[in-house]
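Construct the complete structure from the given sequences, taking the supplied hints into account.
There are 2 protein chains.
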Amino acid sequence: MALIVHKYGGTSMGSVERIEHVARKVAGFRQQGHQVVVVVSAMSGETDRLLKLAKSIAPRGNQREFDQIAATGEQVTIGLLALALEKMGVPAKSYTGWQVPIRTDSAHMKARIESIDAEKLRADCDAGLVPVVAGFQGIDENGAITTLGRGGSDTTGVALAAALKADECQIYTDVDGVYTTDPRVEPKARRLDKITFEEMLELASLGSKVLQIRSVEFAGKYKVPLRVVSTFVDGPGTLITLEDSTMMEEPLISGIAFNRDEAQLTVAGVPDRPGIAAAILGPIGEANIEIDMIVQNVGADGTTDFTFTVHRNDYERALEIGRRLATELGAKGVNSATDIVKVSLVGVGMRSHAGIASKMFTALAAAGINIRMISTSEIKISVVIEEIYMELAVRTLHKAFGLEAAPSVA
Amino acid sequence: MALIVHKYGGTSMGSVERIEHVARKVAGFRQQGHQVVVVVSAMSGETDRLLKLAKSIAPRGNQREFDQIAATGEQVTIGLLALALEKMGVPAKSYTGWQVPIRTDSAHMKARIESIDAEKLRADCDAGLVPVVAGFQGIDENGAITTLGRGGSDTTGVALAAALKADECQIYTDVDGVYTTDPRVEPKARRLDKITFEEMLELASLGSKVLQIRSVEFAGKYKVPLRVVSTFVDGPGTLITLEDSTMMEEPLISGIAFNRDEAQLTVAGVPDRPGIAAAILGPIGEANIEIDMIVQNVGADGTTDFTFTVHRNDYERALEIGRRLATELGAKGVNSATDIVKVSLVGVGMRSHAGIASKMFTALAAAGINIRMISTSEIKISVVIEEIYMELAVRTLHKAFGLEAAPSVA
Chain A
1 MALIVHKYGG TSMGSVERIE HVARKVAGFR QQGHQVVVVV SAMSGETDRL LKLAKSIAPR
61 GNQREFDQIA ATGEQVTIGL LALALEKMGV PAKSYTGWQV PIRTDSAHMK ARIESIDAEK
121 LRADCDAGLV PVVAGFQGID ENGAITTLGR GGSDTTGVAL AAALKADECQ IYTDVDGVYT
181 TDPRVEPKAR RLDKITFEEM LELASLGSKV LQIRSVEFAG KYKVPLRVVS TFVDGPGTLI
241 TLEDSTMMEE PLISGIAFNR DEAQLTVAGV PDRPGIAAAI LGPIGEANIE IDMIVQNVGA
301 DGTTDFTFTV HRNDYERALE IGRRLATELG AKGVNSATDI VKVSLVGVGM RSHAGIASKM
361 FTALAAAGIN IRMISTSEIK ISVVIEEIYM ELAVRTLHKA FGLEAAPSVA
Chain B
1 MALIVHKYGG TSMGSVERIE HVARKVAGFR QQGHQVVVVV SAMSGETDRL LKLAKSIAPR
61 GNQREFDQIA ATGEQVTIGL LALALEKMGV PAKSYTGWQV PIRTDSAHMK ARIESIDAEK
121 LRADCDAGLV PVVAGFQGID ENGAITTLGR GGSDTTGVAL AAALKADECQ IYTDVDGVYT
181 TDPRVEPKAR RLDKITFEEM LELASLGSKV LQIRSVEFAG KYKVPLRVVS TFVDGPGTLI
241 TLEDSTMMEE PLISGIAFNR DEAQLTVAGV PDRPGIAAAI LGPIGEANIE IDMIVQNVGA
301 DGTTDFTFTV HRNDYERALE IGRRLATELG AKGVNSATDI VKVSLVGVGM RSHAGIASKM
361 FTALAAAGIN IRMISTSEIK ISVVIEEIYM ELAVRTLHKA FGLEAAPSVA
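In order, the protein sequence lines correspond to chains A and B. Residues 1 to 410 in UniProt numbering are what the first sequence lists, from first letter to last. Residues 1 to 410 in UniProt numbering are what the second sequence lists, from first letter to last.
Because the hints were derived from the structure by calculation, they are not lab data. There could be a bad hint or two in this list.
Heads up, the list lumps identical chains together, so a pair's fine if it works in one copy or across two of them.
[As the list claims (entries may be wrong)] Only pairs whose alpha carbons sit at most 27 Å apart, straight line, appear in this in silico DSS-like list of lysine-lysine:
#, residue 1, residue 2
1, K52, K87
2, K25, K120
3, K87, K55
4, K25, K165
5, K110, K87
6, K110, K52
7, K359, K399
8, K25, K55
9, K223, K55
10, K52, K25
11, K399, K55
12, K223, K188
Quick caveat, the model's predicted, so the values are computed rather than measured.
What follows is the structure, encoded as structure tokens:
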């Protein structure tokens, strides 16, 4: 008998029929003898509807009130799922965040979970009940309702699994697992049976939007085995584990991520002296613009080219600041591009295998793709290329690293 | 400076525009130097929508879950109104039932308030804040959300006013006060400046659906002055007070209520012996059928006619039980009618004035209206007549008791 946390997202909760479908899935697990704790999101679109209503009154109103309003979305779905379970003969009991309680800090709309008292949920499980817990929400020390920010229900699921010392946290969603790359770009993309937390973090942050990144961090920190599974198609999904020990047997590369939302700026020919990076990044950061990649090349003439990428929405503002800084710093000028894309190769196997980068660059060169920018980490190599080559690059790399085939070792 | 509780119903909360209108009203009171605590209902139609959703899954599901779901309606409007107030420069803070807390028993969907800890609300008022409290809901000793049943927001308003020792509880609604009778039936109906709790109870229970009856009982019990005012039209409304001391100066009759939802059953010619009433009413009550009027006449032949009224929805079931009982008790048979209506004259002045009943019956007789059933209480005389005579009866009595004119004494 295992204790499993199930988390169902908004799409899975999108209608009475779907809620009843979820209830059947939970009932099935219980029939196999497992204990199940369920975490749910609001019906798809409901959180947006509620926040839109609040913003129509006061776009920058008190965030405590926004949370008070937004948290009702999950309060409805927990009740509905509990009713659906009981109708199927599965005793169930719904819990809002404060009823558990799930204690958070007071950062409304982006609160962080501080502690969970899982005592009632454990007692319910032992008494044969299925607790149905509202995701995305908690309570702060003043008794105010807080929300965890977008996708926070994944984090609730993982945090509850950690607090309950559950055997697994299963995230039910509308995809049947984590893929080697986006199947819409490369139809030969393959579902991964398992992947490490680190790889998942790189894939998630790079645009494979299967799981909220904070939930993966959380799962890694508390060593909660995490599984991404489809609500609608039966299957094993993808297990996200520590398993660093079996690393040698892992395939070299787990997947290929890409991100179309970036823009590149280069402050060219900056007289090279200590503090240049801070002089450029400081004002960008102060303007609340997030920077993704940063590359600096020292030239032969005592000047340096400083290149970074920002979200396309911030491009115009970043360019303006860049131009001002170029003048102030005596740089030659600013080059920039918005028709670019970042493609990243991710895999823990990289750590212990040389030659991955060169194999990647060779494959791209053979396909006639020019690389504008390179950045590497321990388990990731990212390149910035022209956007028109994106699909070609993804497919080329998918083939070069043999991702279509099932891994040769399990 | 007075402390006033405002209660706004679903119609007043029906849209963003209306919520902003309410915020302006509250802001106006504050500008006059008053402290205001606001109680609100869910947006009109929202509670029904939520309960329908729940019932579509499990029509007779766990009522704890129904409450969990239904309580979200007010949680949204408290947040929205707090935002609207703050936008107008009025500091505000929303409270769900459990955040106050408003403690109730555990009778889900029809909970009763046991106690209110008004400390936080009082501190808010003293700090210049307007607390906005969710009506209709509370929390039981197990930490479960409860609801007070339909119209429960009125009760919340009165209970809060009692707990805060407020100077007045103002119920804002879509009518501008309590009338001598329904203006749709008698266009000459007049708004009452004031009325006693007892009269209001009789008028409310008899179908003048301005206020939830429990809230009036509560207001009477805790001596909270209650005022019914229109959200949309400025005016003094109707004050509901104790003021029994000035009874001699009160008009004899306050109003005329009527109820079209009843059906009449007579078990005729029952052999008269002790226990007959219980023998008939017992099985009706066990079938969960509520009885309104009860009249028993002892005949000359040692038999008795036992007549009672039930809601028309329960008529078929009551008739079936009545027929079975008639056979068992050796009665002559069962007569019944659904095309009846109850018309009631209400007024505390009745207590000290003889002749009201005879004046009433004379007026009805003069209009050619036959009385089928009579029942009296200290401050009320009800008659059951044929439904087609209802409007005629109401107008006849309205005129006979001089209700069109302003009362001759204030």
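### Ascending list of hint numbers which this structure does not respect
Of the numbered hints given earlier, those the structure breaks are 9, 11, 12, listed in rising order.
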